[in-house]
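*Asks:* Using the sequences and the hints given, assemble the complete structure.
Residue numbers (the working numbering): 58 to 528.
Hints are computed from structural coordinates only; laboratory data are not their basis. Just so you know, these numbers come straight off a predicted model, no measurement behind them. Virtual Cβ for every residue (Gly too), placed ideally from N, Cα, C. Heads up, a few of these hints could be off.
Unchecked claim - Below 25 Å or equal to it, Euclidean Cα-Cα: the simulated BS3-like pairs (lysine-lysine) are: (1) K369 / K402; (2) K464 / K146; (3) K215 / K449; (4) K402 / K155; (5) K146 / K449; (6) K215 / K146; (7) K155 / K464; (8) K215 / K155; (9) K449 / K155; (10) K464 / K449; (11) K464 / K474; (12) K474 / K369.
Claimed, not checked - Now the in silico label distances, taken between C-beta atoms and shown as ranges: (13) A364 / G470: 43 to 53 Å; (14) V100 / D250: 13 to 23 Å; (15) T210 / G419: 42 to 52 Å; (16) R211 / R421: 46 to 56 Å; (17) A182 / A389: 46 to 56 Å; (18) G145 / V397: 46 to 56 Å; (19) A389 / E185: 30 to 40 Å; (20) R421 / D357: 42 to 52 Å; (21) R211 / S168: 27 to 37 Å.
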Amino acid sequence: MTRRPHAWRRRAWDTLPARLRLLRTAILLLATAWIALVITAGVAASDTWGAVTGHHAPRTVSAAGLNLALNDMDAQAVNSLLANGDAGKGRMTVPYDKAIELYDEAREAVSRDLRTLGVAAEGDAGAEQTVERVTADFARYQEFIGRALENDTRTGGKAEAVENYRTANDLLTQRLLPEARSLVDGTNRQFEDAYATERSDLGTQAALLVGLGVILLAVLVVLQWHLARRFHRILSPGLLAATACALLAVLLGTQALTITSEDLRIARHDAFDSVVALSRARAIAYDANADESRYLLDRDHRTAHEADFLAKSQSLYGTTGADLPSYESRLAETWEAYQVNHEDKRFTGEFRRELDNITFPGERAAAERTVEAYTVYQRDDRTVRSLVAAGKEREAVAFCISWEPGKSNAHFGAWMKALDEVTAVNSRAFDAAADDGRDALTGRLPWAVGGLLAAAALAALGLRPRLAEFR
58 MTRRPHAWRR RAWDTLPARL RLLRTAILLL ATAWIALVIT AGVAASDTWG
108 AVTGHHAPRT VSAAGLNLAL NDMDAQAVNS LLANGDAGKG RMTVPYDKAI
158 ELYDEAREAV SRDLRTLGVA AEGDAGAEQT VERVTADFAR YQEFIGRALE
208 NDTRTGGKAE AVENYRTAND LLTQRLLPEA RSLVDGTNRQ FEDAYATERS
258 DLGTQAALLV GLGVILLAVL VVLQWHLARR FHRILSPGLL AATACALLAV
308 LLGTQALTIT SEDLRIARHD AFDSVVALSR ARAIAYDANA DESRYLLDRD
358 HRTAHEADFL AKSQSLYGTT GADLPSYESR LAETWEAYQV NHEDKRFTGE
408 FRRELDNITF PGERAAAERT VEAYTVYQRD DRTVRSLVAA GKEREAVAFC
458 ISWEPGKSNA HFGAWMKALD EVTAVNSRAF DAAADDGRDA LTGRLPWAVG
508 GLLAAAALAA LGLRPRLAEF R
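*Replies:* Here's what the structure looks like:
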């Protein structure tokens with residue numbers, strides 16, 4: 058009788074040597090697939106860390122720095138006009154020289170941030186256009202400020218200088234600052250999108266690694282069972298070593314992806330969210346400080362400048378129903394309640410956002426020192442307005458723009474120093490998370506790949522003597 062081919066093939070694969078060869082092939086294929094997946098995931102994660110630390114975060118920080126430097130530059134322009142007197146007569150020399158020095162530093166910072174953002178925006182048509190608009194508007198802004206400072210050198214030129222400044226400030230508030238904030242929001246949104254995509258990919262890749270690893274371990278166990286059943290041996294040393302190597306590799310590979318995913322979350326949300334919020338707070342602070350000086354310089358628009366100062370104060374530390382006269386007392390009341398109970402929600406704003414995102418050692422103490430320095434600055438604002446109400450204009454200006462200890466600008470500087478300290482806590486945490494995320498990849502993935510290669514080699518070597526018995 059002629060044997061049918063398919064029946065012959067079925068019986069051939071039913072033999073022990075055929076099953077052993079099949080299992081060996083399955084092990085090699087699974088190991089190859091696992092190694093390819095872990096290398097792909099590792100390269101993608103490494104590229105993500107490169108993009109996060111070399112592109113997304115620096116670009117967002119530069120945009121936030123641009124926003125801050127524009128506000129700082131404008132504040133120093135107002136302070137120089139306040140301190141100059143009448144064409145230098147009656148000039149407050151120290152505040153004037155300090156304002157000019159800081160103005161030049163802020164102008165250089167704006168130019169530097171624009172260059173950085175211009176390079177980072179290459180290939181992004183929308184971002185390129187925004188940077189071009191900001192650059193053009195910044196040139197016009199400098200022109201108007203230049204006219205204001207020049208007119209202020211002439212006897213009787215103060216009124217014209219103030220008018221020039223108003224034009225510059227309108228350009229700042231209506232175009233430059235909204236454009237700068239759109240850059241901050243845009244770059245931060247792109248960072249968030251890249252983060253969300255990579256976190257999702259890492260989760261999927263880790264699940265696939267576990268799945269493939271479990272299948273590989275199951276195949277190794279089945280192979281061990283076949284050998285034990287046929288050759289009456291409890292364990293094959295080569296396959297036992299292969300199973301141990303495979304298990305270690307799966308653990309290391311999965312750990313590498315899950316750890317770097319968690320470090321990415323820490324870097325993005327625990328650390329960088331606070332960096333962005335605090336950078337925004339710093340820019341608002343400089344703008345509010347400038348509103349205080351505008352209030353003193355531009356007497357015809359004092360009501361508007363008071364309203365602007367209150368709005369910015371509320372955006373930093375919001376208290377329901379407070380107007381300018383009652384804001385300081387409401388701040389003190391709600392802050393006292395918060396110190397008793399950190400879950401007390403009677404204030405909002407950028408400071409609240411930071412205090413609700415306390416994560417790292419020393420962060421809460423630094424954040425609380427920042428709010429306490431802010432309360433001192435707010436008391437100074439009441440002093441400035443009280444002096445104006447008493448007709449003591451020059452004393453109000455001297456108190457407002459002086460850097461002497463106990464004066465408003467000195468307290469503003471202390472507030473900014475405290476704000477910088479809490480920002481530094483989060484910046485260091487961001488850098489540490491990025492380093493840990495990279496270390497998880499470079500420290501574990503090579504060992505995981507090596508472990509899988511060893512497992513495949515040991516499985517093949519372990520089977521060789523057994524297969525030789527059937528030749």
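*Asks:* Compare the structure with each hint and give your call.
*Replies:* Results for each hint:
no., hint, verdict
1, K369 / K402, "19 Å, holds"
2, K464 / K146, "23 Å, holds"
3, K215 / K449, "19 Å, holds"
4, K402 / K155, "39 Å, violated"
5, K146 / K449, "18 Å, holds"
6, K215 / K146, "12 Å, holds"
7, K155 / K464, "15 Å, holds"
8, K215 / K155, "20 Å, holds"
9, K449 / K155, "23 Å, holds"
10, K464 / K449, "16 Å, holds"
11, K464 / K474, "16 Å, holds"
12, K474 / K369, "19 Å, holds"
13, A364 / G470: 43 to 53 Å, "25 Å, violated"
14, V100 / D250: 13 to 23 Å, "20 Å, holds"
15, T210 / G419: 42 to 52 Å, "48 Å, holds"
16, R211 / R421: 46 to 56 Å, "52 Å, holds"
17, A182 / A389: 46 to 56 Å, "49 Å, holds"
18, G145 / V397: 46 to 56 Å, "52 Å, holds"
19, A389 / E185: 30 to 40 Å, "47 Å, violated"
20, R421 / D357: 42 to 52 Å, "44 Å, holds"
21, R211 / S168: 27 to 37 Å, "28 Å, holds"
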